[in-house]
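Following the hints, position chain B with the ligands against chain A.
Protein chains in written order, with the numbering used here: chain A, 9 to 268; chain B, 156 to 413.
Simulated from the structure, these hints should not be mistaken for laboratory data.
Any given hint could be a false lead.
Unchecked claim - Here are the computed distance ranges between Cβ atoms for each label pair:
no. : chain 1 : residue 1 : chain 2 : residue 2 : range
1   : A       : Gln110    : B       : Arg410    : 55 to 65 Å
2   : A       : His263    : B       : Leu342    : 47 to 57 Å
3   : A       : Gly34     : B       : Gln294    : 45 to 55 Å
4   : A       : Ser95     : B       : Ser205    : 26 to 36 Å
5   : A       : Tyr105    : B       : Asp192    : 50 to 60 Å
6   : B       : Ala399    : A       : Gly167    : 41 to 51 Å
7   : B       : Gln335    : A       : Arg260    : 49 to 59 Å
8   : B       : Leu342    : A       : Arg100    : 51 to 61 Å
9   : A       : Ser95     : B       : Glu409    : 44 to 54 Å
10  : B       : Phe179    : A       : His263    : 32 to 42 Å
What the hints assert, rightly or not - Residues from chain A that face chain B, not an exhaustive set, calculated with beta carbons under 10 Å:
no. : residue
11  : Tyr105
12  : Asp156
13  : Leu162
14  : Leu165
15  : His166
16  : Gly169
17  : Ala172
18  : Ser181
19  : Thr183
20  : Ala254
21  : Leu258
22  : Arg260
23  : His263
For every residue, glycine included, the Cβ atom is placed at its ideal position computed from N, Cα and C.
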Amino acid sequence: MRGGKFIANVLPPVLVLIVVTAAAEGIIRALAVPMFLLPRPSTVLQYMAQHPADLLASLGTTAQAALIGFFASAVIGMILAISLSASSVTRRAFYPYAVFFQTVPIVAIAPLLMIWCGPGLAAVAVSALVVSIFPVIANTLAGLLSTDPALEDLFRLHGAGRWARLWKLKLPSATPHIVTGLRIAAGLAVIGTVVGEFLVGLMGSGEGLGVRIVSAKKLGRTDELFAAVLIASLLGLAMFAAVNLAGRLLLRHWHASEQD
Amino acid sequence: MTSQAAATIDRSVSVRLLDLRRTFDGGVEALAGITLDVAPGQFAAILGPSGCGKSTLLRLVAGLDRPTCGTVELHPPLDRRRFAYVFQDAHLLPWRNVLRNVALPLELAGIAQRQRQAAAVDALEQVGLAEVLRRYPAQLSGGMKMRVSLARALVTRPKLLLLDEPFAALDEITRQKLDQQLRDLWLAHRMTVLFVTHSTAEATFLADRAVVLSRRPARVVADLPIDLPQRRDALLRASPQFAAATKTIYQALERGGA
Ligand SMILES: Nc1ncnc2c1ncn2[C@@H]1O[C@H](COP(=O)(O)OP(=O)(O)OP(=O)(O)O)[C@@H](O)[C@H]1O
Ligand SMILES: [Mg+2]
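For reference, chain A alone in the conformation it holds in the complex (with noise of 0.2 Å):
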């Protein structure tokens, strides 16, 4: 059953990316477009066959970046959400500067991040952390406001105080909610860490990805930039399935249809 399933999920998208990837290599090939236009998937490939040190460590950096700038949003988004679901006036002050966080043009205020972490993981973390914020804090928080309002008397009926109110009702109801929020912030982070070593990259130093991207494209090195995009997709894709499975697990008792 569960092996059934699985290949049911699996087995459509592996055949679309195969799909395709040949078809890919079919075009470049027959209206041979040049290398430095875009590099047939086999160069790509071969690229990545050539020279899997180098690319482990770049993503290394850049995964160690995407995981702290995650870990912090998810903390930080939470307790943020939590602070702004406490009172109408407090959400009604400062919900609006939340959105800035979704509004701000990261690409604008990297460099300002350069000048205060110094071009480094610290402000490639927080860039990831920018970017990845908003959806917590919308998410969390629109959970903890739709706790059923039955068994928030029901709480209050037997005496639960504020924080027996919030960690045993509203936390655990909002957490499907949250799920969504960090679902949608672990992709994020992969981007916001990526546009961060941009920059690191134009100032020359760090071998994160996004560096990496910046320099093989100053060289024309269209096959190790592929590479290097590829390989942070997956990246994203990977915290994205984390995130999910995690959030499967955790969710595994309240819907009947995950029993079986």
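Only chain B with the ligands this time, still in chain A's reference frame:
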């Protein structure tokens, strides 16, 4: 005084509502002066047209809402924790198994783990659900969820049990079974019960007294004693006395504009 009688008195509380009114912000007048005396250990059904203010009344008694004017008096004055409230739907916590759902009120009251578990198992046995302790709400049928909800209400050994159309969402057969179970539980514990329902037959089967409210804003239009045997079973539903009592309540509802 026998020890059983002492236990009975320990479980009972009288409820006195004096000219209770509630007008919501925005001007909706739900209750227009309800005066009602419920004796210790009495089982009172409250009926009335949809939207007339029955839930509002129950919330005021539970202290979950404040009256615009009038008073709610409980005698003897009762620790909030000896109240129990059952909603129309089970409202269980989906992330807790049955045992921990039932133990919740004791947990909130700061009772030690071992004691509250024992009490929860006991309450689940009373509603006939001792075998599903470790299941989660998503794995239960509607009727079972409602029984878990009832067990959660009983776990504090309440002196005052407030039920707001608890079985309304269930099918007729399940509902009659639960009515039977509730009546038997009441006979065993003799707590004071206020039971809101839309069903005249359910009120007749369960209660010793039917309080009928008018259309909103609610007033008491009839207060009818239900003179049926203490111990009730399915056969009673087919008897002429039962039909007569149901009819009387129905007529009062019609007078109230249902
Ligand atoms: N918090 C509130 N704010 C404003 N109006 C309310 C509020 N709660 C209830 N009302 C209104 O008060 C009236 C009575 O509501 P209530 O829920 O007590 O009725 P009810 O008799 O329980 O209805 P039902 O049979 O449908 O359960 C309704 O018109 C409802 O819209
Ligand atoms: Mg109601």
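Right, here's what the structure says about each hint:
no.: 1; hint: A:Gln110 to B:Arg410: 55 to 65 Å; in the structure: 59 Å, holds
no.: 2; hint: A:His263 to B:Leu342: 47 to 57 Å; in the structure: 38 Å, violated
no.: 3; hint: A:Gly34 to B:Gln294: 45 to 55 Å; in the structure: 52 Å, holds
no.: 4; hint: A:Ser95 to B:Ser205: 26 to 36 Å; in the structure: 34 Å, holds
no.: 5; hint: A:Tyr105 to B:Asp192: 50 to 60 Å; in the structure: 55 Å, holds
no.: 6; hint: B:Ala399 to A:Gly167: 41 to 51 Å; in the structure: 44 Å, holds
no.: 7; hint: B:Gln335 to A:Arg260: 49 to 59 Å; in the structure: 35 Å, violated
no.: 8; hint: B:Leu342 to A:Arg100: 51 to 61 Å; in the structure: 53 Å, holds
no.: 9; hint: A:Ser95 to B:Glu409: 44 to 54 Å; in the structure: 47 Å, holds
no.: 10; hint: B:Phe179 to A:His263: 32 to 42 Å; in the structure: 35 Å, holds
no.: 11; hint: Tyr105; in the structure: 30 Å, violated
no.: 12; hint: Asp156; in the structure: 6 Å, holds
no.: 13; hint: Leu162; in the structure: 7 Å, holds
no.: 14; hint: Leu165; in the structure: 6 Å, holds
no.: 15; hint: His166; in the structure: 4 Å, holds
no.: 16; hint: Gly169; in the structure: 9 Å, holds
no.: 17; hint: Ala172; in the structure: 6 Å, holds
no.: 18; hint: Ser181; in the structure: 8 Å, holds
no.: 19; hint: Thr183; in the structure: 7 Å, holds
no.: 20; hint: Ala254; in the structure: 15 Å, violated
no.: 21; hint: Leu258; in the structure: 8 Å, holds
no.: 22; hint: Arg260; in the structure: 9 Å, holds
no.: 23; hint: His263; in the structure: 6 Å, holds
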